[in-house]
Amino acid sequence: MMMKKLGLALAAGAALLGAHVAASAQEQLIPSMVYRTGPYAPSGIPTADGFHDYIAMLNARDGGLNGVKLKVEECETQYNTERGVECYGRLKAQGGTIFSPYSTGITYALIDRAGPDKSVIFSMAYGRASAMVGQYFPWVFNAPVTYWSGASAAIQFFAKEAGGKDKLKGKKIAHVFIDIPYGKEPNPVLQNYADELGFKLELVPVPAPGLEQKSIWLQVRQMRPDYVFLTGWGAMNAVSLKEAAAVGFPREKILGGWYTSQDSDTVGAGPAAKGFRGLTFHAASRDLPLLKTIKQHVTDKGMASQNGKHMGEIGYLRGVLNAVFTTEALRTAQAKYGNKVMDGEQSRWGFENLDLTAAKLKQLGLEGFIQPIKLSCDNHQGEGKVLVVQWEGDKWKHVSDWITPENQKLMPLYLAGAESYAREKNITAQNCAKS
Amino acid sequence: MAFFLEVLIGGLMAGVMYSLVALGFVLIFKASGVFNFAQGAMVLFAALFFVGFIELGLSVWLALPLTVLVMVALAWAVERLVLRHLVNQEGIILFMATIGVSYFLDGFGQSIWGSNVRQLDIGLPTDPIFLMDGDILIQAFDLWAALVAGSLLVALVLFQRTSVGRALRAVADDHQAAQSVGIPLNTIWIIVWSIAGLVALVAGVMWGSKLGVQPAIVSLALKALPVLILGGFTSIPGAIIGGLIIGAGEKLAEIYIGPFFGGGIENWFAYVLALGFLLIRPQGLFGERIIERV
Amino acid sequence: MLYRESGQFKTSYPADQAIFTIKQDRWFFALLMLAAFVGIPLVATDYLYTALIIPFLCMALAALGLNILTGYCGQVSLGTGAFMGVGAVAAWNLAFRVPELNLLVVLVLAGLVAAAVGVIFGLPSLRIKGFYLAVATLAAQFFLPWLFTKVGWFTNHNSSGVITVPRMTLFGWEINTPMEKYLFALGVVTILALAAKNLVRSNPGRRWMAIRDMDIAAEIIGIRPIVAKLSAFAVSSFFIGIAGALYLFVYLGSAEPDGFNINLSFQALFMIIIGGLGSILGSFLGAFFILLVPIFLTRVPPLIGLDMSTAAIAHTEVMVFGALIVFFLIVEPHGLARLWQIAKEKLRIWPFPY
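Chains A, B and C, in that order, give the protein sequences.
So the first sequence is numbered by the numbering used here: it starts at 1 and just counts up by one.
So the second sequence is numbered by the numbering used here: it starts at 1 and just counts up by one.
So the third sequence is numbered by the numbering used here: it starts at 1 and just counts up by one.
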């Protein structure tokens, strides 16, 4: 009796595992890999909401992309690489073409599959920095910035604070980072700048997950650096801010990377976060015209994800930006291939030829949100710019102009990273001239 | 020298926070021989309910007893649905069952209260206090945490002297013998899990004030494990002293030994330290001697 | 009625000592192998391979290794993830630095490296027992990923510390598509499972089980604990190391040292407890349960028409999974393998009740 039940259950299970719900033929499936649960949920939820809401706005206001309706299909990865790979497989089978894993680990796992599967991996401002060299990574895009360009922007901001690049000579800059690959990414660039500009770079790794940082910040206090660059993730960020405040380390000296300065981090730190500054690669104001449009077409009609609870937060805006890039790439592809559902190859072409001029941004209602950006075959990052924002206790304020990372200076590093990958994999560079 | 003292005191305070989590493990292991993997989830569960009640508008003095009630209800449910059916199974089976409970609590707590990070402020001061003319810095918050842990320790040790405490020790020694002298096993287990839930609530409040209440709190249980092995699974004072040793050792090692290795050694150093102690005393510093009969 | 032994006589010692002594068992196993090597490649999609079947094989092998250590020898270990990492990093370094090496040789050497590391971290087991040992193995679990992150040589000084595998070829057969990767992994796992089954049926296995059941009595009758325990660690780490190498090469294709974290260790431990301690079949059943049930649970709500948010689905899946674990433990504390055994025993006398 129980055996029969067990057998039936197993059979049903096998059938369900293989089946899947597919999008209808006239809908472009937009995969959304999210983490709404698990230890990084506070960062993942607003981003997922922003992504969903922007696309819902396009559907409501414009009827989709040139008549093609967009369907957002979410899949929960819990920031776990295995789940991420499973989500990718499932969403790919349902017709997804552009994937944003929101996790460096998952991105790396998918980079190799991207080519054979004809999937675009869009790792916006995270993932493998050297993937900006499009010749070696034709299917991977990391616009508008990478961790390396972020480090460059940070040093430029510190230089500005000090009164000029030459004033950095002899100073001490500490890099407090979470001791995982993501945290270590900026180190080569920071060291490069240290050698060039003559400041001393102190590397202070924080063992993951960084829930306890007392000794770290006592150490930093002892070091008396002039500036601190903070590359944290998840729960570590709030703890860093709190511990820094608790040891009396001046907050004005700390600058956070973009995944260190989200609302989820500052809210958790409470009053210890007020005055904390961080990098971002898009505007972070709650008064953007873009947000008004989303409110009008989506939130007020009750169609927003979680009723727009996180609207206007940095994480939300990041999700929106991701959706902007995704949909604009598809729109670019549609201009060449026709107003229909785009497949993998076409989506890739769209990304590679993405050209968001100032006029186009204005037309889309995105003025002030990001700077104009253009991708190309050999530059999958574009010349994205970085902004410094400051937490006021309940919202972020812009405290700098758009900083241009010194990508030309970093080009040798990018090429070295890309060529090392090519050597490991035994692949040859694509020829960009003919594309 | 002043810096050394600073780090030492800071480490001791950090250790106190770890031992708050470890206490829950010890209580349950002492009374039922079960290694409660769900303790981390219980800390999050308690913190979520507490912060949730406060956000709903209740005052701290009302939210606290309400959360205690929730934890008692949880203890009752765990005993009724899980422990009762697994009496006399091997330790590793019960361990696995607590893992199931941990998953369940994780999902249940977050599905009710959501996964966002919430700030928890119960009025504890967080300013630095300077001793010795500003050379040594300690944090006011940590002093309060030490006070809380100390009072909890005293309360638990006193509790052991009561008749219920004695019954708990009898159950820990031998389930069947305790039953045969008339100690109601099921009630004792509910009491133990409730107390562990209370300890989890205290730990959740302290850690929640530090990190904000968020799902990452569940991983605190891993921080408590070296404390447990060092102090012994069955000793309440062991949990506190183990916590102090691990906390101080960890922080001092990070500052003084860490630079030779490139930093970041905190995580594994605690375990290596505990391992070192275990090699000398295989049952932990204060644990019960393991007597094996052939 | 179908599963009777009557009429089957064994007339030689080898026949008596075979793994499958009953003819029906041999048929069943042959059919299973046929289904695995031929049937699945005919029907499975790429998604099934990359998301379900290949991770199942990798984790089943790791669970097998852990079962040898914990189920057969009684030494609880929470260092599985780190040993998988050792195997993966060793295999990657060998494949990258000595490209001429045969892929199988790379796997075996990686396994040997993992075995050596396993023996070193198994030394505390000579003094520490039970749950204390489990927490002591966590020292390995946290130390080894730190080592791989810190010492750049292990990851070829890659700035992010991530290693990606080169092309794999085996005797001229290039292993590219998911199906080929699946067949390769299946072959490796089958051979190793066979080796494990024979190991536990023979002298080493009996020594391990003696240590597990009553280690002091075992020592008295002449089984040296140092040999038995360290050999258990060595063999177990060998299997786990190869599982880690497969995990990197065939499943993910790239890995960061942090990816071999404590979650993998816990996963493997859960697999053997649910599947059945001290059972080779149990490792596979447990891997199936722990890996595939959560995915199955996430798929059910949309397919039966329930409209839930992804967060709600994720929470429900976790809750149901936890409840299922408790349920299975109450129903059969000795794991799914025991359920299978009971089923077989009932089949022998079916349709009679006793």
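Just so you know, these hints were derived from the structure itself, not from any lab.
From a predicted model like this one, the values you see are computed outputs, not experimental measurements.
Where is the CB? At the ideal position from N, CA and C, for every residue including glycine.
Hints should not be assumed to be uniformly reliable.
Far from chain B, some chain A residues (derived; all Cβ distances over 12 angstroms) [as the list claims (entries may be wrong)]:
#1 Glu27
#2 Gly44
#3 Glu161
#4 Ala208
#5 Lys214
#6 Lys242
#7 Asp263
#8 Ser264
#9 Val267
#10 Lys292
#11 Thr299
#12 Lys301
#13 Gly344
#14 Ala422
#15 Arg423
The calculated label-pair distances, taken between Cβ atoms and stated as ranges, are [to be verified]:
#16 Ala416/A <-> Leu101/C: 20 to 30 angstroms
#17 Val108/C <-> His85/B: 55 to 65 angstroms
#18 Ala73/B <-> Lys344/C: 37 to 47 angstroms
#19 Val38/C <-> Glu288/B: 53 to 63 angstroms
Against the structure, the hints:
1. Glu27: Holds: least Cβ distance 29 angstroms, greater than 12 angstroms.
2. Gly44: 8 angstroms, violated
3. Glu161: 25 angstroms, holds
4. Ala208: 7 angstroms, violated
5. Lys214: With a cut-off of 12 angstroms, Lys214/A comes too close to chain B, as the shortest Cβ separation is near 4 angstroms.
6. Lys242: 7 angstroms, violated
7. Asp263: Not fine: 9 angstroms to the nearest Cβ puts Asp263/A too close to chain B.
8. Ser264: 5 angstroms, violated
9. Val267: Non-interface label fails for Val267/A: nearest chain B Cβ at 6 angstroms, not farther than 12 angstroms.
10. Lys292: Check passes; 24 angstroms lies beyond 12 angstroms.
11. Thr299: 18 angstroms, holds
12. Lys301: 23 angstroms, holds
13. Gly344: Since the minimum Cβ distance to chain B is about 33 angstroms, Gly344/A lies beyond 12 angstroms and the statement holds.
14. Ala422: 29 angstroms, holds
15. Arg423: Since the minimum Cβ distance to chain B is about 26 angstroms, Arg423/A lies beyond 12 angstroms and the statement holds.
16. Ala416/A <-> Leu101/C: 20 to 30 angstroms: For Leu101/C against Ala416/A, whose Cβ atoms are near 27 angstroms apart, the range 20 to 30 angstroms holds.
17. Val108/C <-> His85/B: 55 to 65 angstroms: 45 angstroms, violated
18. Ala73/B <-> Lys344/C: 37 to 47 angstroms: With Cβ atoms ~42 angstroms apart, the hint holds.
19. Val38/C <-> Glu288/B: 53 to 63 angstroms: 57 angstroms, holds
Hint compliance for this structure: hints 2, 4, 5, 6, 7, 8, 9, 17 are broken, all remaining hints hold.
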